[in-house]
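Undergrad: The lines below spell out each chain.
There are 2 protein chains.
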Amino acid sequence: MRFFRPAIVAMDGYTPGFQPKTSDVIKLNTNENPYPASPRVTEAIQHRLEQGLQRYPSPMADAFRAAAAALHGVTPDWVLAGNGSDDILTICTRAFIGEGQVIRTPTPSYVLYKTLAEIQGGRIELIPFQRDWSLGDDFVEDVDDNLKLAIIANPNSPSGTMLSPERVLKLATRLPCPLLVDEAYVDFADQSCLDLIHEDQRIMISRTLSKSYALAGLRFGYVIAQPHMIRELAKVKDSYNCDALSIAGATAAIEDQDWLAENRAKILAGRERLTDGMRRIGFTVADSQANFTWNTHVDWPIKVIAESLIARGIFVRYMKYEGWADGLRISVGTEAQIETCLEQIAAIVRAL
Amino acid sequence: MRFFRPAIVAMDGYTPGFQPKTSDVIKLNTNENPYPASPRVTEAIQHRLEQGLQRYPSPMADAFRAAAAALHGVTPDWVLAGNGSDDILTICTRAFIGEGQVIRTPTPSYVLYKTLAEIQGGRIELIPFQRDWSLGDDFVEDVDDNLKLAIIANPNSPSGTMLSPERVLKLATRLPCPLLVDEAYVDFADQSCLDLIHEDQRIMISRTLSKSYALAGLRFGYVIAQPHMIRELAKVKDSYNCDALSIAGATAAIEDQDWLAENRAKILAGRERLTDGMRRIGFTVADSQANFTWNTHVDWPIKVIAESLIARGIFVRYMKYEGWADGLRISVGTEAQIETCLEQIAAIVRAL
Chain A
7 MRFFRPAIVA
17 MDGYTPGFQP
27 KTSDVIKLNT
37 NENPYPASPR
47 VTEAIQHRLE
57 QGLQRYPSPM
67 ADAFRAAAAA
77 LHGVTPDWVL
87 AGNGSDDILT
97 ICTRAFIGEG
107 QVIRTPTPSY
117 VLYKTLAEIQ
127 GGRIELIPFQ
137 RDWSLGDDFV
147 EDVDDNLKLA
157 IIANPNSPSG
167 TMLSPERVLK
177 LATRLPCPLL
187 VDEAYVDFAD
197 QSCLDLIHED
207 QRIMISRTLS
217 KSYALAGLRF
227 GYVIAQPHMI
237 RELAKVKDSY
247 NCDALSIAGA
257 TAAIEDQDWL
267 AENRAKILAG
277 RERLTDGMRR
287 IGFTVADSQA
297 NFTWNTHVDW
307 PIKVIAESLI
317 ARGIFVRYMK
327 YEGWADGLRI
337 SVGTEAQIET
347 CLEQIAAIVR
357 AL
Chain B
7 MRFFRPAIVA
17 MDGYTPGFQP
27 KTSDVIKLNT
37 NENPYPASPR
47 VTEAIQHRLE
57 QGLQRYPSPM
67 ADAFRAAAAA
77 LHGVTPDWVL
87 AGNGSDDILT
97 ICTRAFIGEG
107 QVIRTPTPSY
117 VLYKTLAEIQ
127 GGRIELIPFQ
137 RDWSLGDDFV
147 EDVDDNLKLA
157 IIANPNSPSG
167 TMLSPERVLK
177 LATRLPCPLL
187 VDEAYVDFAD
197 QSCLDLIHED
207 QRIMISRTLS
217 KSYALAGLRF
227 GYVIAQPHMI
237 RELAKVKDSY
247 NCDALSIAGA
257 TAAIEDQDWL
267 AENRAKILAG
277 RERLTDGMRR
287 IGFTVADSQA
297 NFTWNTHVDW
307 PIKVIAESLI
317 ARGIFVRYMK
327 YEGWADGLRI
337 SVGTEAQIET
347 CLEQIAAIVR
357 AL
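First to last, the sequence lines map onto chains A and B.
Here the first sequence stands for residues 7 to 358, numbered as in the numbering used here.
Here the second sequence stands for residues 7 to 358, numbered as in the numbering used here.
Looking at chain A on its own, in the form it has when it is part of the complex:
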């Protein structure tokens, strides 16, 4: 191990949510969309496949870039495509964080940000959310020269809660560094921080097609920011970071906004059903703006409940953050999956 950078040897690496090898389970642990993507995605991929894959894809994913720009009312040079929004998060971290430097992010939130800082030989500063999931001014206070990037997942995971664009802008203007707003779940929310990119060059918005477009298997995400920021970020990406099929599929996906609206309506109805059901069982459930809910209880043994559920073939995510009550993060599945999940949880709780 002496050959590796000490930062790599010291770190644990990120453990993604469990991916069961069988499809014979109810999988509500990694916030996937339970419905298949738009049929236009399949058509576009098939069409692209027929043209052969022997040539390199467009280095900047030109077709997607143009479609995303049209969707968001900007020009293509405001958009950088990535191999999933993980790739975007990696690119941003590599662009801003050197050894000994710092990413600041709220906690509890997406734990991958810590891994990304560690790979760079940097570290993470975790600023706790308030108990109502708002974010205090301490997020922008006590900063030093090492703070080079802030990331806010908005909507946040595991809470599903959201800061308003006004609040995010106020925080951004007080930060000495860029702020990446990770909008992985924003299509399920009532608002977005997208317009803030025009207010401050330091605000970057990342999006993914994994959740609201039901394309976790395709790996496609992007970042929207001012063109001079995009130009520097582009230097860090791999030359051909998006493949030809995913560019075709992702372009078709974001061009089918009718599908998105329909899918969103189904997920929001399911979210309401899940929230109500879990509250009726007795859980405390944060009002979610995402495609999952965060469920806690002051007395119940949450970990035991999670394990019982998994033993029954229902995969939810058990999460424990230091200084916070542990909880279950449950993705919004189909109506039938939600009903089964609620029934099983109710049965487990009754037997406690």
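Read the hints as simulated data drawn from the structure, not as lab findings.
Here a beta-carbon is modelled for each residue, glycine too, at the ideal position from N, C-alpha and C.
Certain hints may be false.
Covered by chain A, according to a simulated footprint, are these stretches of chain B (three or more residues, beta-carbon under 8 Å) [as the list claims (entries may be wrong)]:
#, stretch
1, 214-223
2, 292-303
To give an idea of the chain B side of the interface with chain A (calculated C-beta under 8 Å), a few residues [unchecked claim]:
#, residue
3, 14
4, 15
5, 60
6, 61
7, 100
8, 249
9, 263
10, 265
Given chain A's structure and the hints, the job is docking chain B onto it.
TA: Just chain B now, kept in the frame of chain A:
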């Protein structure tokens, strides 16, 4: 720009080979395979597509890993899959190179290695090949503590030449750091360094499906090394770095070794035709072990010839390395493409 790491601002970024937007050209500039991939790849992708893309793919590309392990006579824990071998090169660089540290590589060779070092805030040490494209002992001499990774493209680009496994092993054992042997083109060669992974834990072999499997558009590569090396490298990769379609397609590709053998035979016949033809025109052509040839001439204005060719819709790669004669790197196309290319070059040379 003050927000970015100085290393990012200072660097130029890598410029990939030109990708013309029209398919109405003869494209011999980026060493793509001129033939479509195995039909089994298309079938496998179509089959996977029918299953829907809403779920995350296998984080470690399990199916591919198993197939690659079987092909190479190792267990799956010797294999790490990547989003193209670019992803593998990036992972290795991030794992070994910290700020101020050094990648050593021969020159002329693949210029991306320099970009990768620069993104890390490191630098590249270029050790010139001998004039016969052998690599002298100076490659392992005058090293200091900052040398953390050596990379040898073998076969090399642009020369198409190759060091023997015996030579590579001898160099590796004298290096203080890991050696990544970039075997992007090895399926077109007479030998490989693959067996060396059993000789020395510091030897890692990277492969790509872009060239010999005709899948540049799919983005798939991998590295083979001892399991304890693979475990650390895996910490650096993005969680889901390979998408579901590319895993399915890449697995089918390497399982169709009959297709590979047939394709290889066609490319080797084309390479011989191209080499003979260019020599007859008057160029000096290195004996190639890859799917391209390197063509130089002491007197002719190579850049002018390249520009004339491109103006005629034939894209070849003009390359100039400091201290070396400039040259044309020409990918082996179809028989018809080679004939057209040779005719046009002959005409351009006659008119000089």
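Undergrad: Once the shortest beta carbon distance from residue 61 (chain B) to chain A is found, is it less than 8 Å?
TA: holds (5 Å)
Undergrad: Does the CB of residue 60 (chain B) sit less than 8 Å away from some CB of chain A?
TA: At about 4 Å, which falls below the 8 Å cut-off, the nearest Cβ of chain A leaves the hint on residue 60 (chain B) intact, so it holds.
Undergrad: Can we keep the residue 265 (chain B) interface hint, with Cβ of chain A closer than 8 Å?
TA: violated (13 Å)
Undergrad: Are there at least three residues in the stretch 214-223 of chain B whose beta carbon sits under 8 Å from a beta carbon of chain A?
TA: holds (count 5)
Undergrad: When the nearest CB of chain A is found for residue 263 (chain B), is that gap smaller than 8 Å?
TA: violated (18 Å)
Undergrad: Holds or violated: is the Cβ of residue 15 (chain B) closer than 8 Å to a Cβ in chain A?
TA: holds (7 Å)
Undergrad: So, as I understand it, the hint says residue 100 (chain B) touches chain A; can you test that by seeing if any CB pair is closer than 8 Å?
TA: Holds: closest Cβ of chain A sits about 6 Å from residue 100 (chain B), inside 8 Å.
Undergrad: Answer holds if the nearest beta-carbon of chain A is closer than 8 Å to that of residue 249 (chain B); otherwise answer violated.
TA: The hint holds - residue 249 (chain B) has a Cβ within 8 Å of chain A, the shortest such distance being about 4 Å.
Undergrad: Three or more residues of the stretch 292-303 of chain B near chain A by CB distance under 8 Å?
TA: violated (count 0)
Undergrad: Given a cut of 8 Å on the nearest C-beta pair, is the interface hint for residue 14 (chain B) held or broken against chain A?
TA: holds (5 Å)
Checked against the numbered hints above, the structure breaks hints 2, 9, 10 and satisfies the rest.
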